[in-house]
Structure formats: C-alpha cells, structure tokens
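**Q** Sequence:
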Amino acid sequence: MALLIRDKSVSRALIRKRKRLGHDRYDEVWNGVYVMPPMPNDEHQQIVTRLTAIMQDVIGWPGLGEVRLGVNISDRPTN
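According to my numbering, the stretch in the sequence shown is residues 6 to 84, in order.
Think of the hints as simulated: they come from the structure by calculation, not from any bench.
Bear in mind that the values here come from a model prediction, so they are computed numbers and not experimental data.
One thing to keep in mind: the hints can contain errors.
Stated by the list, open to error - Mimicking SDA-like on lysine to any residue, the simulated pairs with C-alpha atoms at most 25 angstroms apart in a straight line are:
{"hint": "1", "residue 1": "Lys24", "residue 2": "Gly37"}
{"hint": "2", "residue 1": "Lys13", "residue 2": "Val38"}
{"hint": "3", "residue 1": "Lys24", "residue 2": "Glu71"}
{"hint": "4", "residue 1": "Lys13", "residue 2": "Met41"}
{"hint": "5", "residue 1": "Lys22", "residue 2": "Ile59"}
{"hint": "6", "residue 1": "Lys24", "residue 2": "Thr83"}
{"hint": "7", "residue 1": "Lys24", "residue 2": "Pro45"}
{"hint": "8", "residue 1": "Lys24", "residue 2": "Val40"}
{"hint": "9", "residue 1": "Lys24", "residue 2": "Val38"}
{"hint": "10", "residue 1": "Lys13", "residue 2": "Asn36"}
Stated by the list, open to error - Estimated spans, in silico, between C-beta atoms of each pair:
{"hint": "11", "residue 1": "Gly65", "residue 2": "Ala18", "range": "40 to 50 angstroms"}
{"hint": "12", "residue 1": "Asn36", "residue 2": "Gly75", "range": "20 to 30 angstroms"}
{"hint": "13", "residue 1": "Met60", "residue 2": "Val40", "range": "18 to 28 angstroms"}
{"hint": "14", "residue 1": "Gly37", "residue 2": "Asn77", "range": "12 to 22 angstroms"}
{"hint": "15", "residue 1": "Tyr39", "residue 2": "Met60", "range": "29 to 39 angstroms"}
{"hint": "16", "residue 1": "Leu26", "residue 2": "Leu74", "range": "40 to 50 angstroms"}
{"hint": "17", "residue 1": "Ile64", "residue 2": "Arg17", "range": "38 to 48 angstroms"}
{"hint": "18", "residue 1": "Met60", "residue 2": "Arg21", "range": "21 to 31 angstroms"}
{"hint": "19", "residue 1": "Arg17", "residue 2": "Pro67", "range": "14 to 24 angstroms"}
{"hint": "20", "residue 1": "Arg21", "residue 2": "Gln61", "range": "32 to 42 angstroms"}
Each residue gets a CB set at the ideal place from its N, CA and C atoms; glycine is no exception.
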C-alpha cells in the first residue's frame with residue numbers, strides 16, 4: 006500500500022517519531038523520496054530462505070562465488 010504525505014510538517018513529525026522509536030531501520034530515500042517499507046513478515050522470510058538455498062546450491066557449493074543472506078546492494082556510490 007502506498008501513501009503520499011504532502012504536508013511537510015506531518016512528514017517531518019512522522020520521520021522524527023519513527024527515528025525516536027527505532028522504526029526507521031529499513032527506511033530509505035530514493036531520488037529524494039522518503040520510503041518506509043513494511044517490516045519483513047513470515048512469508049518474506051520464507052522466500053528469502055528458499056532463494057538463498059537455491060543460490061547456495063547453484064553458486065556457493067560449486068565454488069562459483071559467495072552467497073550472502075540479507076546484503077544491501079545499491080548502484081549508488083554512497084549511501
């Protein structure tokens with residue numbers, strides 16, 4: 006579900022509250038837009054586990070590369 010908050014004061018207050026409560030761990034800024042993704046749930050964890058197992062079988066065990074779970078990858082030089 007997407008929600009656009011157009012009121013700057015409401016947006017700033019929400020971001021401050023998320024930071025204060027520690028809910029901003031996975032928040033990101035994409036091209037100047039503050040993005041608050043939903044927290045991973047059980048279905049997400051199951052998908053990640055299965056994909057990691059497949060990649061380990063195809064890449065890791067044969068020695069073709071390293072497989073890492075939960076790595077943040079970006080095309081940006083910083084942040």
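**Q** Tell me, which hint numbers fail for this structure?
**A** 3, 5, 16, 18, 19
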